[in-house]
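Could you put the whole structure together from the sequences, leaning on the hints where they help?
Those sequence lines, one after another, are chains A and B. Just so we're aligned: 259 in this note's numbering is position 259 of the first sequence, and the numbers increase by one with no gaps anywhere. Just so we're aligned: 36 in this note's numbering is position 36 of the second sequence, and the numbers increase by one with no gaps anywhere.
There is no bait here: all hints are sound.
Take a look, some chain B residues computed to stay more than 10 Å from chain A by CB distance: (1) 1; (2) 25; (3) 46; (4) 47; (5) 52; (6) 53; (7) 93; (8) 97; (9) 113; (10) 122.
Label-pair distances were calculated between CB atoms; the ranges are: (11) 114(B) to 449(A): 39 to 45 Å; (12) 58(A) to 97(B): 44 to 50 Å; (13) 68(B) to 86(A): 50 to 56 Å; (14) 46(A) to 48(B): 55 to 61 Å; (15) 2(A) to 93(B): 34 to 40 Å; (16) 93(B) to 475(A): 32 to 38 Å; (17) 120(B) to 465(A): 29 to 35 Å; (18) 443(A) to 114(B): 40 to 46 Å.
Here are the computed lysine-lysine pairs in the DSS-like style, where the Cα-Cα straight-line distance is at most 25 Å: (19) 89(A) to 313(A); (20) 286(A) to 313(A); (21) 281(A) to 307(A); (22) 123(B) to 358(A); (23) 299(A) to 89(A); (24) 184(A) to 64(B); (25) 223(A) to 184(A); (26) 358(A) to 184(A); (27) 184(A) to 123(B).
Think of the hints as simulated: they come from the structure by calculation, not from any bench. In this text the structure is predicted, and so the values were computed from the model without any measurement. Every residue gets a Cβ at the ideal spot worked out from N, C-alpha and C, and that includes glycine.
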Amino acid sequence: MKLIFEQGAEGHCLHLLPACDVPEYQLSAERTAPLHLPHVSENELTRHYTALCRQIHGVNDGFYPLGSCTMKYNPKIDEEMASLPGFTKLHPLQPEETAQGALEALHILGTELGEVFGMDAVTFQPAAGAHGEFTGVLLIKAYHTDRGDTARTKIIVPDSAHGTNPATAAMCGYQVVNIASNDKGGVDLDALRAAVGPDTAGLMLTNPNTVGLFDPNILEITKIVHNAGGLCYYDGANLNAVMGVVRPGDMGFDCIHSNLHKTFATPHGGGGPGAGAVGCKAFLRKYMPGPLVVEQSGKFGFEYPEKSIGRVKLFYGNFTVCVKALTYVCTLGKEGISEAAKNAVLNANYMMACLKEKFDMAYDGPCMHEFVMSLTRLHHETGVSALDIAKGMLDFDLHPPTMYFPLIVHEALMVEPCETESKQLMDEVCGIYCRLYDMAYTDPGALHTAPHTTPVRRLDEVGAARNPVLRYRFEA
Amino acid sequence: MNFPAELKYSRDHEWVKMLDDTTALVGISDFAQSELGDLVYVNLPVAGDDVVAGETACDVESVKAVSDVMSPVSGRIAEVNEALDDAPELLNSDPYGAWIFKVEDITDFAELLDAEDYEAFTKEEH
Chain A
1 MKLIFEQGAE
11 GHCLHLLPAC
21 DVPEYQLSAE
31 RTAPLHLPHV
41 SENELTRHYT
51 ALCRQIHGVN
61 DGFYPLGSCT
71 MKYNPKIDEE
81 MASLPGFTKL
91 HPLQPEETAQ
101 GALEALHILG
111 TELGEVFGMD
121 AVTFQPAAGA
131 HGEFTGVLLI
141 KAYHTDRGDT
151 ARTKIIVPDS
161 AHGTNPATAA
171 MCGYQVVNIA
181 SNDKGGVDLD
191 ALRAAVGPDT
201 AGLMLTNPNT
211 VGLFDPNILE
221 ITKIVHNAGG
231 LCYYDGANLN
241 AVMGVVRPGD
251 MGFDCIHSNL
261 HKTFATPHGG
271 GGPGAGAVGC
281 KAFLRKYMPG
291 PLVVEQSGKF
301 GFEYPEKSIG
311 RVKLFYGNFT
321 VCVKALTYVC
331 TLGKEGISEA
341 AKNAVLNANY
351 MMACLKEKFD
361 MAYDGPCMHE
371 FVMSLTRLHH
381 ETGVSALDIA
391 KGMLDFDLHP
401 PTMYFPLIVH
411 EALMVEPCET
421 ESKQLMDEVC
431 GIYCRLYDMA
441 YTDPGALHTA
451 PHTTPVRRLD
461 EVGAARNPVL
471 RYRFEA
Chain B
1 MNFPAELKYS
11 RDHEWVKMLD
21 DTTALVGISD
31 FAQSELGDLV
41 YVNLPVAGDD
51 VVAGETACDV
61 ESVKAVSDVM
71 SPVSGRIAEV
81 NEALDDAPEL
91 LNSDPYGAWI
101 FKVEDITDFA
111 ELLDAEDYEA
121 FTKEEH
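Rendered as structure tokens:
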């Protein structure tokens with residue numbers, strides 16, 4: 001398909017932008033060459049975007065069980081509230097007394113999410129998950145530094161963690177200590193006991209973890225770290241499985257981030273914007289990024305915590321994402337939030353039960369919101385890999401599950417159906433998965449070359465990684 | 001799958017070729033490259049840095065994932081194979097020719113297996 005620069009012709013134009021209402025200003029430095037702007041009419045532009053839409057698969061097109069990403073359907077009412085002009089036409093620099101509604105919205109959401117997290121304070125400044133992790137680990141660092149405890153240089157991360165966890169610890173200047181998982185996919189308590197010590201700053205953990213299992217030793221895990229003087233950070237990537245059912249704060253965690261764009265109703269996957277709300281226990285509040293929204297005799301205003309780590313983003317975070325989260329929390333209510341989590345777990349267990357006659361599961365027993373299949377045996381017997389099966393799904397208009405993650409499972413496919421899918425759809429999908437499994441034995445060749453019906457066929461991922469073409473080169 | 005008899009192997013799937021008593025070349029085994037798939041980037045270590053047996057020395061990236069390369073020996077990096085900067089695919093096409101780094105002043109070794117035991121170990125891994 002043609003890029004926007006390759007369409008239209010000199011002189012084609014559109015009138016979507018309002019007339020300029022500020023005086024023109026002559027810059028001292030002027031461009032010597034004209035800007036490469038596309039010359040298209042409104043009609044051509046509309047067709048271009050519609051053509052792009054036909055080439056993608058989003059959650060509005062069909063099943064999207066991308067494990068660990070929680071690609072659930074987000075109710076349209078959340079979008080509607082976020083686009084209210086009272087919210088969208090705010091300026092971040094306008095006086096606080098003229099933005100009371102927006103401040104109240106943040107204040108209520110902070111209180112509600114604090115309840116879900118089991119935390120005493122919440123900031124909405126971080127722009128997304130990894131940014132939230134960075135903020136949370138900086139709180140841990142500020143706590144130790146403030147106490148003069150500068151010998152704590154290590155953060156413990158289990159080998160099943162998301163890659164962002166060790167990256168975050170390294171960004172915060174910590175040395176990463178990787179500990180192995182036990183045969184049930186959980187934290188190996190002996191390995192943890194051996195790893196902690198006076199140099200332990202903290203532990204970063206996802207629970208349920210990346211293989212979709214709730215660690216039954218969680219209270220012991222956080223106790224081991226606390227006894228060594230470290231703090232515990234909860235990566236909220238998988239919060240959708242437990243929200244309203246069990247609180248990270250009650251598991252012994254000291255701070256947490258939650259990807260509002262996964263769990264609390266913002267569509268994602270297109271590069272944002274997201275929100276990585278960070279919660280902490282009362283003793284860490286004084287290190288939080290400022291400003292925090294506070295209420296004083298019915299008025300809302302800002303407070304800059306006493307020993308704040310400083311701002312992590314301009315202004316107050318991605319505000320309209322917070323409005324969507326608030327709408328979601330208010331429409332579901334206390335019962336609805338936990339029901340959503342329970343249905344997410346039920347759906348994953350239903351699909352796992354339907355599939356386990358053919359597919360090997362990486363771990364025995366019930367799962368949480370996602371499960372991991374290992375296609376090692378199928379690969380050995382037929383030469384058809386997890387990648388081939390995933391590509392085959394595209395021909396059935398299904399988005400594939402997460403592939404080759406977590407790294408501790410070979411030929412992994414990680415399925416997270418989410419609570420928003422029906423039994424009928426899951427039955428249909430399981431039928432297709434089983435058909436692809438059988439095809440691996442009867443017609444492996446067709447899977448090696450899949451997909452066959454998509455706008456682009458099998459992509460040369462190796463070529464793209466070895467020789468990436470990252471910019472469009474205009475003809476001179 | 002190829003397991004040259006003159007090499008020693010770690011359980012983390014690196015091979016070691018001793019050049020003299022305290023100098024060795026290190027690379028990843030045929031089994032390792034086949035499991036990782038097409039390699040697209042090698043993050044080489046830095047000459048002069050110390051490496052510790054059993055600890056991460058550098059990493060390699062395939063389309064599937066980034067994986068650590070553990071040093072099978074303790075010593076100092078004498079040289080790195082810069083050809084891998086432009087041609088990481090050499091690790092796939094010639095895993096035993098494409099060494100990754102050379103270690104000198106070796107003081108310690110991880111537990112190393114001979115070719116026969118290593119081949120048996122890779123079968124267990126499956």
